[in-house]
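As you go down the protein sequences, you meet chains A and B in turn. Numbered according to my numbering, the first sequence terminates at residue 119, and the numbering increases by one at each position without gaps. Numbered according to my numbering, the second sequence terminates at residue 1474, and the numbering increases by one at each position without gaps.
If you're looking for bench data, these hints aren't it; they were derived computationally from the structure. Note that the structure is predicted; figures quoted are calculated from it, not measured. Please note that a few of the clues may not be correct.
Stated by the list, open to error - With a straight-line cut-off of 27 Å between C-alpha atoms, the simulated DSS-like cross-links for lysine-lysine are:
#	chain 1	residue 1	chain 2	residue 2
1	B	LYS1429	B	LYS1338
2	B	LYS1288	A	LYS61
3	B	LYS1429	A	LYS61
4	B	LYS1288	B	LYS1449
5	B	LYS1350	B	LYS1338
6	B	LYS1350	B	LYS1406
7	B	LYS1449	B	LYS1353
8	A	LYS61	B	LYS1350
9	B	LYS1429	B	LYS1406
This is what each chain is made of:
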Amino acid sequence: MKNEWPLWEIFIRGQHGMSHRHVGSLHAPDAAMAIKNARDVYTRRNEGVSIWVVEANNIAASSPSDKGPLYEPSESKVYRHPTFFDIPDEVGAM
Amino acid sequence: MAAAPTQDEALLQFLLRMGDNTLILGHRVSEWCGHAPVLEEDIALANTALDLIGQTQMWLGLAAEVQGEGKSADDLAFLRDAWDFRNVLLVEVPNGDFGRTLMRQFLFDAWHSIQLGHLMKSTNERVAAIAAKASKEVAYHLERSADTVVGLGDGTAESNTRMQEALDYLWPYVGEMFASDEVDAEMAKAGIAPDPASLRADFDALATRVLKEATLTIPDSSFGHKGGRNGKMHTEHLGHLLTQMQWLQRAYPGAKW
Chain A
26 MKNEWPLWEI FIRGQHGMSH RHVGSLHAPD AAMAIKNARD VYTRRNEGVS IWVVEANNIA
86 ASSPSDKGPL YEPSESKVYR HPTFFDIPDE VGAM
Chain B
1218 MAAAPTQDEA LLQFLLRMGD NTLILGHRVS EWCGHAPVLE EDIALANTAL DLIGQTQMWL
1278 GLAAEVQGEG KSADDLAFLR DAWDFRNVLL VEVPNGDFGR TLMRQFLFDA WHSIQLGHLM
1338 KSTNERVAAI AAKASKEVAY HLERSADTVV GLGDGTAESN TRMQEALDYL WPYVGEMFAS
1398 DEVDAEMAKA GIAPDPASLR ADFDALATRV LKEATLTIPD SSFGHKGGRN GKMHTEHLGH
1458 LLTQMQWLQR AYPGAKW
C-alpha cells in the first residue's frame, strides 16, 4: 500500500499578475486539500488572489535531451521578434 | 450571593472569555510547530495558532482598556495566574494525538464561527469590528478542521477509531461553550453578545452534519465539565501550560524584544 500523498504542482496568480505562475509543489490527499495546503504554504504573505493545483503526474514535460532540436532552430530567426513596432499605450498589457 | 455585575464588569468578563479562549487554544496549537505529521499540516497549524494569537491581541487589548488599570494585552496574557483565566476547559486540555487536536479544533471552530457571526452585529462597535476581522480567519479554520475530521473519520480503520476516541474524550467539554450565566445575561440585554445557550441549535446542526459525514457517533451523554469560563475550576493542565507560556515574563519581568 502506498502511504505517501500524491504530489501537486501549485500555480498562483498574484495581486497584479495577469497569469498563474508556478510557485512550487506540495503533498495532499486530494485536490481540495491541495488548494488548502497551497493557501497555507504559499499565500501566507498575501501573495495571491487565485490558486490552481495540478497533480504532478498529470503534467507532461518536454525532455531536456531534446533541447537542441526543439529550441536551437529559433535562435537564428531574429525576424520573429517584432521589435520594430511602437505599441500605443492604450493597448495596455499584452 | 454577589450583586449582579455592572455592564462594564460584565463586558470585561466577556472580553476575557473571548481573548482567553483564543490565547490558550493558540498556545496549544502552537505546540505542534515542528512536530506535525507532515510539513503542510505543520504550516497550516502554525498559521491557525498565529491567527488565534492575533485575535487575542484584539480581545485582550480591548479588555485592558475596559478594565482601565493601565494594563496592556501582554500584561493580561503573561501576568495573570490560572484562576484569573476565563477560557473554556475545551481549549486547555492537552493536544493528544493529531486527530484529537483537529477534533478539538473543529468543535471550537464550529462554536467560534457561529459566535462571531452574532458578534458582527454587536451594539458595541469595537466588538463588532474585531468579530468582522476574526470571522474571515475562523471561516477558513472551520473549513479546514471540518475537512480533516471528515478525512480522518471516514478514513482507515485506525484513523476512524482514533477520531471516535477523540470525540468521546472531548464531547463532555462541549457543553460549557453554551452555558449561560449572569455575565451573559448582561451582555445579551445590552445587545453586545448573544446568549450562549441560543447558539446550541446551530452548533448541533453543524456538528451533526460534519460528524455524520465523518462516520462518527456523537456520544449519548449530556454530562459536561465546566468551571473554565467563570474561572471557578480549571483543569490541572492550565497551570502547566501557563508555566511554559509565561516563564519568560515571570523570570525576566518587563523583558522586551
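For each hint, the structure was consulted:
1. LYS1429/B x LYS1338/B: violated, 31 Å
2. LYS1288/B x LYS61/A: violated, 38 Å
3. LYS1429/B x LYS61/A: holds, 22 Å
4. LYS1288/B x LYS1449/B: holds, 23 Å
5. LYS1350/B x LYS1338/B: holds, 13 Å
6. LYS1350/B x LYS1406/B: With a Cα-Cα distance of about 24 Å, the restraint between LYS1350/B and LYS1406/B holds, given a limit of 27 Å.
7. LYS1449/B x LYS1353/B: violated, 32 Å
8. LYS61/A x LYS1350/B: Cα-Cα ~20 Å, so holds.
9. LYS1429/B x LYS1406/B: Roughly 36 Å between the alpha carbons, so the hint for LYS1429/B and LYS1406/B is violated.
Consistency with the previously given hints fails for numbers 1, 2, 7 and 9, ordered from lowest to highest.
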